[in-house]
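Peer 1: Read top to bottom, the protein sequences are chains A and B.
Heads up: the first sequence begins at -5 in this note's numbering, then just goes up one per residue.
Heads up: the second sequence begins at 266 in this note's numbering, then just goes up one per residue.
No lab work stands behind these hints, which were simulated from the structure alone.
Backbone N, C-alpha and C define an ideal beta-carbon position, used for all residues, glycine too.
A hint or two may mislead.
To be verified - Part of the chain B face toward chain A, derived, beta carbon under 10 Å:
1) Ala271
2) Leu309
3) Arg319
4) Ala325
5) Arg326
6) Phe334
7) Asp341
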Amino acid sequence: MTEDIRALSAQYAADPSSLIFLRLAEALRQRGQADAAHKVAIQGLSRYPHLPDAHDLFARILTDQQDYANAFDEWDTVLRLVPQHIGAHKGIGFLYYRAGDHEHALYHLRLAAELDPTDSGLRLAVERVAGGGEIWDAPLPQAPSEPATRRVPTTESNDPFAGLDGARHRLLLVDVDGLRLGGGLVTTSGRDVSDDAAAVLAGTAFEAARAARMLELGEWTHLTIEGTELSACVLKPTPDTSLLAAMDADLPAGQLAFFAERAAKTARAWLERVR
Amino acid sequence: MTDYAAMLDALTRLRGIRGAMVVALNDGLPVAESLMGGLKGTALAALAATLASRSVELAARGGLGAPRFLHLQSSDGSLLVAPTAADLVLVAIAGRDVPLGLLRLEMLRLAERMG
């Protein structure tokens, strides 16, 4: 049963730093309001980036939105934080099953079923994937050795940010020479400035890294530029690429950094695939 | 100059701040500084001004509008820059575990006072 969204929204508005965002985003998701749920989950994750249940919730929202590659990454993050997280094993098992990889699907679904023996639906799912109830007589196998991420289907595209919000107008990826590799940047008035921005993006990232090194600030992670129209986060997904992620100027800096990190992760995966 | 000195002293009293400067954006020369030992003012000024200039250009080309605040985050600290209307930038260098939100607000307030 979904909770009262109006009441949860009021509680969230009164205390945006509370964990109420989990219940609100889940309620929105269950009502089919995936975009609103997505927004609330990202706001929550920007405040609680190490909260496993927030990543689990976000992964389910992404799955609803058919963004399976990023959903997988979110559940993978959960399992790094909590290796026995039932929801993450169920989710990853579902994604493997959907991709036709029954070996990995069975491993994760069965592990989830053993962690929660009361979930009869999950037991049925395991038996369906295994082809019968005899599966329970066999010992739980070792985790399949192949790196999981390679086997999950992603959106086949030339766009490094496919599936992400703002892929065409708020995210820009360039190489070391300033050549645009993907994404785009559009001003608040609708003008496409992708190539203009690309021409100076790599140089800005270079200066940021140089300043951090010369000032002995350690390894540079990102540069945030708060503008009057948009705010942007500049970072380097790989040593030879630079990325700019932009958001409306009135959104919190933490949300921008989270958005940029996600985009960088997606861009890295894309670069690995295309190179 | 006295005004700048008082502003910088107010900034460097905040926890974790290793130094603060007022720098000319166009030539990267220090106008005023309050730095802890070990920090070289001329180097900090030049690097901050170069980074600010690059960021101003990126903001202009990318339709971000006028830059109000820059935050370079690294593993061991941060470089923070607040441009002012007078072709000056207010610069602060901070270690880890610094209340960045408070520092940002204070720098924006001082940058506005600087014109």
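Peer 1: All the hints need checking, so say for each whether the structure fits it.
Peer 2: Structure-based check of all given hints:
Interface hint status for Ala271/B: violated, as the beta-carbon distance to the closest one in chain A is roughly 25 Å, over 10 Å. For the restraint placing Leu309/B at the interface with chain A, the shortest Cβ-Cβ distance is roughly 7 Å, inside the 10 Å limit, so the hint holds. A least Cβ separation of about 4 Å between Arg319/B and chain A falls short of the 10 Å threshold, and the interface hint therefore holds. Look at Ala325/B: its Cβ gets to within about 9 Å of chain A, closer than 10 Å, so that hint holds up.
Below 10 Å, beta-carbon pairs count as interface contacts, and Arg326/B has one with chain A at about 4 Å; its hint therefore holds. Annotation: interface hint on Phe334/B holds; nearest CB of chain A at approximately 4 Å, less than 10 Å. Below 10 Å, beta-carbon pairs count as interface contacts, and Asp341/B has one with chain A at about 3 Å; its hint therefore holds.
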